[in-house]
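Engineer: What follows is each chain in one-letter form.
Number of protein chains: 2
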Amino acid sequence: MQENVKFAIDVVYEAGKRICHMMQEDIKVEEKTSKSDLVTNVDKQTEAFIVAKIQERYEGQNFLTEESTVDMHGSDHLWIIDPIDGTTNFIYQKQHFSISVAHYHQGEPIFGIVYNVMADEMFVGITGVGSFLNGERLPQLNQDQLLSDSVIFGDVYRPDFFKLSPAELKKEFITHRFYGSGAIEIAEVGAGRAQAYVFPKIKTWDIAAALIILKEAGGTWYFGNEIDHLTIDKNPKVIIAASNQYVRDRLVSFL
Amino acid sequence: MQENVKFAIDVVYEAGKRICHMMQEDIKVEEKTSKSDLVTNVDKQTEAFIVAKIQERYEGQNFLTEESTVDMHGSDHLWIIDPIDGTTNFIYQKQHFSISVAHYHQGEPIFGIVYNVMADEMFVGITGVGSFLNGERLPQLNQDQLLSDSVIFGDVYRPDFFKLSPAELKKEFITHRFYGSGAIEIAEVGAGRAQAYVFPKIKTWDIAAALIILKEAGGTWYFGNEIDHLTIDKNPKVIIAASNQYVRDRLVSFL
Numbered sequence: 196m197q198e199n200v201k202f203a204i205d206v207v208y209e210a211g212k213r214i215c216h217m218m219q220e221d222i223k224v225e226e227k228t229s230k231s232d233l234v235t236n237v238d239k240q241t242e243a244f245i246v247a248k249i250q251e252r253y254e255g256q257n258f259l260t261e262e263s264t265v266d267m268h269g270s271d272h273l274w275i276i277d278p279i280d281g282t283t284n285f286i287y288q289k290q291h292f293s294i295s296v297a298h299y300h301q302g303e304p305i306f307g308i309v310y311n312v313m314a315d316e317m318f319v320g321i322t323g324v325g326s327f328l329n330g331e332r333l334p335q336l337n338q339d340q341l342l343s344d345s346v347i348f349g350d351v352y353r354p355d356f357f358k359l360s361p362a363e364l365k366k367e368f369i370t371h372r373f374y375g376s377g378a379i380e381i382a383e384v385g386a387g388r389a390q391a392y393v394f395p396k397i398k399t400w401d402i403a404a405a406l407i408i409l410k411e412a413g414g415t416w417y418f419g420n421e422i423d424h425l426t427i428d429k430n431p432k433v434i435i436a437a438s439n440q441y442v443r444d445r446l447v448s449f450l
Numbered sequence: 196m197q198e199n200v201k202f203a204i205d206v207v208y209e210a211g212k213r214i215c216h217m218m219q220e221d222i223k224v225e226e227k228t229s230k231s232d233l234v235t236n237v238d239k240q241t242e243a244f245i246v247a248k249i250q251e252r253y254e255g256q257n258f259l260t261e262e263s264t265v266d267m268h269g270s271d272h273l274w275i276i277d278p279i280d281g282t283t284n285f286i287y288q289k290q291h292f293s294i295s296v297a298h299y300h301q302g303e304p305i306f307g308i309v310y311n312v313m314a315d316e317m318f319v320g321i322t323g324v325g326s327f328l329n330g331e332r333l334p335q336l337n338q339d340q341l342l343s344d345s346v347i348f349g350d351v352y353r354p355d356f357f358k359l360s361p362a363e364l365k366k367e368f369i370t371h372r373f374y375g376s377g378a379i380e381i382a383e384v385g386a387g388r389a390q391a392y393v394f395p396k397i398k399t400w401d402i403a404a405a406l407i408i409l410k411e412a413g414g415t416w417y418f419g420n421e422i423d424h425l426t427i428d429k430n431p432k433v434i435i436a437a438s439n440q441y442v443r444d445r446l447v448s449f450l
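Those sequence lines, one after another, are chains A and B. Sequential numbering from 196 applies to the first sequence in my numbering. Sequential numbering from 196 applies to the second sequence in my numbering.
Derived by calculation from the structure, the hints in this document are not laboratory data. One or more hints might be untrue.
Each pair may be met inside one copy or between any two copies, as identical chains are not told apart.
Listed below are the simulated DSSO-like cross-link pairs for lysine-lysine, each with C-alpha atoms no more than 30 Å apart in a straight line [claimed, not checked]: (1) Lys289 <-> Lys398; (2) Lys230 <-> Lys201; (3) Lys201 <-> Lys365; (4) Lys230 <-> Lys358; (5) Lys366 <-> Lys239; (6) Lys223 <-> Lys358.
If you're wondering where the values come from, they're calculated on a predicted model, not measured in any experiment.
Produce the complete structure using the sequences and hints provided.
Structural biologist: Shown next, in the form of structure tokens:
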């Protein structure tokens, strides 16, 4: 494995251990935009830790992170970091949250890491190489599977999302599940545990790493008007990440 | 710990190991009532294994199980078994499924076990003793927490469930999550990871073990017209399992 990927995996593992340790103490919670948009001292400290570790090794590179460490040096190298995706899960459940780290060079994805801390599942996607779960290569996703034989992740019945009614939607796929960490859900689509993830509000740092994992496993996606473009400078309003084009296009037709 | 609880935990662990082993081979899937109501050879073999182990040790006791091992000897002792709760998860995700075993004597709950196999989380509730997760006692649930400060498990926006619209419901609690194994979700309410589980279609074997775990952690519930009664001979149409009466009663008021 490339040296930079190895390095980033080690940093993420260490950040995960620190989170587990901090979880034993009192977590300080602040509201950001609403009672379901929260941030904690653990999010902030984890982000600062990861950024510092990367800066220590690589001087003068760019950062785009959830908790506002925006640090642009005009470098060709960009790190996109979400210290805790699924902060509500972290606070209430103490599980089902993840650390995301993505590395881009001149706008092109190099690798992405999503670490489901409590499940100890390390998903890694490396452009041109493939995707891995705890070091084991993920098989390529079934490109012929239809939506009717699929499980969907996400809050699919939100009335502001699909134009189909819940009753109509229900007939289109086997069932749905909703964990509340987009990064985990997209990485798990990459691992074949569901065939799509749909969500109406998403930020770049939620998806930048996970989409690399999905792509290298053979998956595809849609957001806004774009198909199959890994964006790092937009916050798409809706995202549909899918195991193949049939699943994606059928879901897109319901928007 | 009582000898019978220890025995049952050992049987469940062994059943879990067998499932992990069988997962490596081809799983044979059959539809029961619909494409989301499935059963596999692994469900059936796991049930047969657990029943045989119990029969080997305790002669002439009664059984009520998901996969139809109904064996009534007029005994005062009843075992309620769900070999795999979350069969769809088992087939599609290879995670988020559980084994449930409950033991009742003269209609009264003695103990309940819910084992989340892939997470290796063994939840045990023993009447009059308390509830445990992997051997550690679960703390008593907060009896003052309100619905407005709660996370809810379940497919909450199903139109056949609450009379509130999704937009109205959204304002009532922090957020919802949906894993698709009622036994795990109720046991996790007992562990304080969410404050309620709501579901409109439930069978006795889905809840018989999990409710004992919830009860011994201080939780409560509602189904049909009954509150706080552990039933073993009914299939309630709706269930609301909650960490306390405030959360339960507020949710009941939306039915």
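Engineer: Take the hints in turn and mark each one as holding or not.
Structural biologist: Hint check:
{"no.": "1", "hint": "Lys289 <-> Lys398", "in the structure": "both (23 Å within a copy, 29 Å between copies)"}
{"no.": "2", "hint": "Lys230 <-> Lys201", "in the structure": "neither (37 Å within a copy, 43 Å between copies)"}
{"no.": "3", "hint": "Lys201 <-> Lys365", "in the structure": "neither (42 Å within a copy, 42 Å between copies)"}
{"no.": "4", "hint": "Lys230 <-> Lys358", "in the structure": "both (27 Å within a copy, 23 Å between copies)"}
{"no.": "5", "hint": "Lys366 <-> Lys239", "in the structure": "between (42 Å within a copy, 27 Å between copies)"}
{"no.": "6", "hint": "Lys223 <-> Lys358", "in the structure": "neither (39 Å within a copy, 35 Å between copies)"}
The structure is inconsistent with the numbered hints 2, 3 and 6, although it conforms to all the rest.
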